[in-house]
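Please build the complex by placing chain B on the supplied structure of chain A, with the hints as guidance.
There are 2 protein chains.
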Amino acid sequence: MSTPVAADAQNKVAAIIGGGVIGGGWVARFLLHGWRVQVYDQDLSAKNKIKAVLENARASLPKLCADAMPAEGELIFCDSIALAVTGAIWIQESVPERLDIKQTVFDEIETSASTDAIIGSSTSGFMPSELKSGRKHPDRFFVAHPFNPVYLLPLVELVPGEQVNADKLNHAQNILEAIGMKPLHVRAEMPAHIADRFLEAVWREALWMIKEDQATTQEIDDAIRYGFGLRWAQMGLFETYRIAGGEAGMAHFIAQFGPCLEWPWTKLMDVPELTDELVEKIASQSDAQSGQHSIRELERIRDNNLVDILCAQKNRNWGAGELLNKHDKRLAELKAAGNQQSAAE
Amino acid sequence: MSTPVAADAQNKVAAIIGGGVIGGGWVARFLLHGWRVQVYDQDLSAKNKIKAVLENARASLPKLCADAMPAEGELIFCDSIALAVTGAIWIQESVPERLDIKQTVFDEIETSASTDAIIGSSTSGFMPSELKSGRKHPDRFFVAHPFNPVYLLPLVELVPGEQVNADKLNHAQNILEAIGMKPLHVRAEMPAHIADRFLEAVWREALWMIKEDQATTQEIDDAIRYGFGLRWAQMGLFETYRIAGGEAGMAHFIAQFGPCLEWPWTKLMDVPELTDELVEKIASQSDAQSGQHSIRELERIRDNNLVDILCAQKNRNWGAGELLNKHDKRLAELKAAGNQQSAAE
Numbered sequence: 001m002s003t004p005v006a007a008d009a010q011n012k013v014a015a016i017i018g019g020g021v022i023g024g025g026w027v028a029r030f031l032l033h034g035w036r037v038q039v040y041d042q043d044l045s046a047k048n049k050i051k052a053v054l055e056n057a058r059a060s061l062p063k064l065c066a067d068a069m070p071a072e073g074e075l076i077f078c079d080s081i082a083l084a085v086t087g088a089i090w091i092q093e094s095v096p097e098r099l100d101i102k103q104t105v106f107d108e109i110e111t112s113a114s115t116d117a118i119i120g121s122s123t124s125g126f127m128p129s130e131l132k133s134g135r136k137h138p139d140r141f142f143v144a145h146p147f148n149p150v151y152l153l154p155l156v157e158l159v160p161g162e163q164v165n166a167d168k169l170n171h172a173q174n175i176l177e178a179i180g181m182k183p184l185h186v187r188a189e190m191p192a193h194i195a196d197r198f199l200e201a202v203w204r205e206a207l208w209m210i211k212e213d214q215a216t217t218q219e220i221d222d223a224i225r226y227g228f229g230l231r232w233a234q235m236g237l238f239e240t241y242r243i244a245g246g247e248a249g250m251a252h253f254i255a256q257f258g259p260c261l262e263w264p265w266t267k268l269m270d271v272p273e274l275t276d277e278l279v280e281k282i283a284s285q286s287d288a289q290s291g292q293h294s295i296r297e298l299e300r301i302r303d304n305n306l307v308d309i310l311c312a313q314k315n316r317n318w319g320a321g322e323l324l325n326k327h328d329k330r331l332a333e334l335k336a337a338g339n340q341q342s343a344a345e
Numbered sequence: 001m002s003t004p005v006a007a008d009a010q011n012k013v014a015a016i017i018g019g020g021v022i023g024g025g026w027v028a029r030f031l032l033h034g035w036r037v038q039v040y041d042q043d044l045s046a047k048n049k050i051k052a053v054l055e056n057a058r059a060s061l062p063k064l065c066a067d068a069m070p071a072e073g074e075l076i077f078c079d080s081i082a083l084a085v086t087g088a089i090w091i092q093e094s095v096p097e098r099l100d101i102k103q104t105v106f107d108e109i110e111t112s113a114s115t116d117a118i119i120g121s122s123t124s125g126f127m128p129s130e131l132k133s134g135r136k137h138p139d140r141f142f143v144a145h146p147f148n149p150v151y152l153l154p155l156v157e158l159v160p161g162e163q164v165n166a167d168k169l170n171h172a173q174n175i176l177e178a179i180g181m182k183p184l185h186v187r188a189e190m191p192a193h194i195a196d197r198f199l200e201a202v203w204r205e206a207l208w209m210i211k212e213d214q215a216t217t218q219e220i221d222d223a224i225r226y227g228f229g230l231r232w233a234q235m236g237l238f239e240t241y242r243i244a245g246g247e248a249g250m251a252h253f254i255a256q257f258g259p260c261l262e263w264p265w266t267k268l269m270d271v272p273e274l275t276d277e278l279v280e281k282i283a284s285q286s287d288a289q290s291g292q293h294s295i296r297e298l299e300r301i302r303d304n305n306l307v308d309i310l311c312a313q314k315n316r317n318w319g320a321g322e323l324l325n326k327h328d329k330r331l332a333e334l335k336a337a338g339n340q341q342s343a344a345e
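As you go down the protein sequences, you meet chains A and B in turn.
Going by this note's numbering, the first sequence runs without a break in its numbering and finishes at 345.
Going by this note's numbering, the second sequence runs without a break in its numbering and finishes at 345.
This is chain A alone, in the form it adopts within the complex (with noise of 0.2 Å):
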């Protein structure tokens, strides 16, 4: 073990172009696993998005680890995307969902960047084609799409598209892996990856259910965080419903309730226009329901709820908890072979 570690420890050095909210929790993750992280951020107020995104990682993500995590990398603001880039392992484009920013933000880090670079994109709604077209090296480029709070939340989609180059895989989940997450390799080329699919569904149906009337926010948040998301948390979807096909197993469960899928429900087929009403009834909505929290309330009680619900499923060894019983391991081994070198120098 301890030749890739030291050889990994060397040189942990990442870039983080776009520091909202989602480039924010990747500035954490790299940081507090003892990262040098250069970010670059065209907006001024970038700096004080990270700063917060920071303070509450850091009041969260250590209480994850079984250990005390390693010293805190160091953290620089770059004032140009070539300067954030250089001497990076890892260079992460968290820019706005547009594909000509993210072209010529590509196309700067290509300038720059080392070619042993890895270039993950975290975007939600292009696919790696459309990443890659035109570049110069195309293999090192991957969607790489986390979740909000990036410095909590395990997985990250990782979809190298179509064309597969194997190590640069391998070296692209080893990293993500050094950090705690949860590489998900995506096979298929596809629009929204995989998780976003099902927010979408999801969000689509809700949407027809205020529109008419039908539930409020709270009551669909309700309907979800008092059942079935309980069940999500540890073991999805299909886990679930094999559970529920009893001894007769999965097919005897589709049998049982895949002809419902064929009723008229129209509803679930259409998208509703999302009309100012619509929005204001939204947002009134949320309004009655969380508005009494300040959205930093709100992150602080989401963080200190995922890190409870993480921390149970770490005692169980089981789903994301078992994710980070084998990292507390992988830390305790980096440790180990850093306390072995500080020795030997």
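Hints listed in this document are in silico derivations from the structure and should not be mistaken for laboratory results.
Treat the hints with care, as some may be off.
Since copy identity is lost for identical chains, a pair holds within one copy or between any two.
In silico EDC-like links for lysine to aspartate or glutamate, alpha-carbon gap of 16 Å or less [said to hold, decoys possible]:
id: 1; residue 1: LYS281; residue 2: GLU162
id: 2; residue 1: LYS49; residue 2: GLU247
id: 3; residue 1: LYS51; residue 2: GLU74
id: 4; residue 1: LYS211; residue 2: GLU189
id: 5; residue 1: LYS12; residue 2: GLU97
id: 6; residue 1: LYS136; residue 2: GLU247
id: 7; residue 1: LYS329; residue 2: GLU273
id: 8; residue 1: LYS12; residue 2: GLU177
id: 9; residue 1: LYS326; residue 2: ASP107
id: 10; residue 1: LYS329; residue 2: ASP67
Coordinates of chain B only, in the frame set by chain A:
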């Protein structure tokens, strides 16, 4: 508080018609809260099924309560619906999802039940108006749609339909709360109520992904349980997105996210045909994912995880955890009232 509690305590008799996994979950909820439970199921195997559910419930539900639960009630298997409903104040129907079967069961219930009894249906597919049609006392019929495992998940969708008798609704809510549940009054009559519309939408997307070899059951489950599933266990959809919108609020979030809905993701809009081939593909992927565990083992894993996740939220007095803390108080008051009554006798 003491009068209704004492009144409630005097007549805690529930009838459970249909003893599958869902019926068995209802049996466990009532029985472990000290109710006498009278069961009818024409299938002789129901006894064993209920026994298995009860074993799971006894191993998990008490862990959610701060103090010892009430002494278990008496469990009686009856030879007819008429016998089962005699003296019951709550009658729960969980027979197969065919309207003709349900109507026959309701005919028999109406003949023998007290006119004060509430009659709940576990149906996910039928709407209250379909159940109430032709009934002598339609006011006491509700859809009371629970979620598996019924003995642990608090949510029950309580749908009175268009004609609402406020007293009956209130009475039904009180009884469900007394057995630790979260009755969500679903104000609109609509196919699939609230939660199953979301489950349907997600299930349909998942079928497409598997059919088209975009993802396996394992990859889909991981995309959920390492990411948004963890968010939904505690906050649901809208409160989570409210945070993502930041201080700019929900309207800002919708402006950013909404337009994606109109992209031509036509796959979302169709229903894949459930061919034998597709069913076999799902079943074999599910075997590869979870086949190392028996269904009984998976049930225990699921239940232990749910207990841990729920207790974590109890510590924070949030969401389902807040409900459980309230329920602890209710149980303590009941116990105190019972002690007082014993002393007076």
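Please write out, lowest number first, the hints stated earlier that are contradicted by the structure. Of the numbered hints given earlier, those the structure breaks are 1, 5, 6, 7 and 9, listed in rising order.
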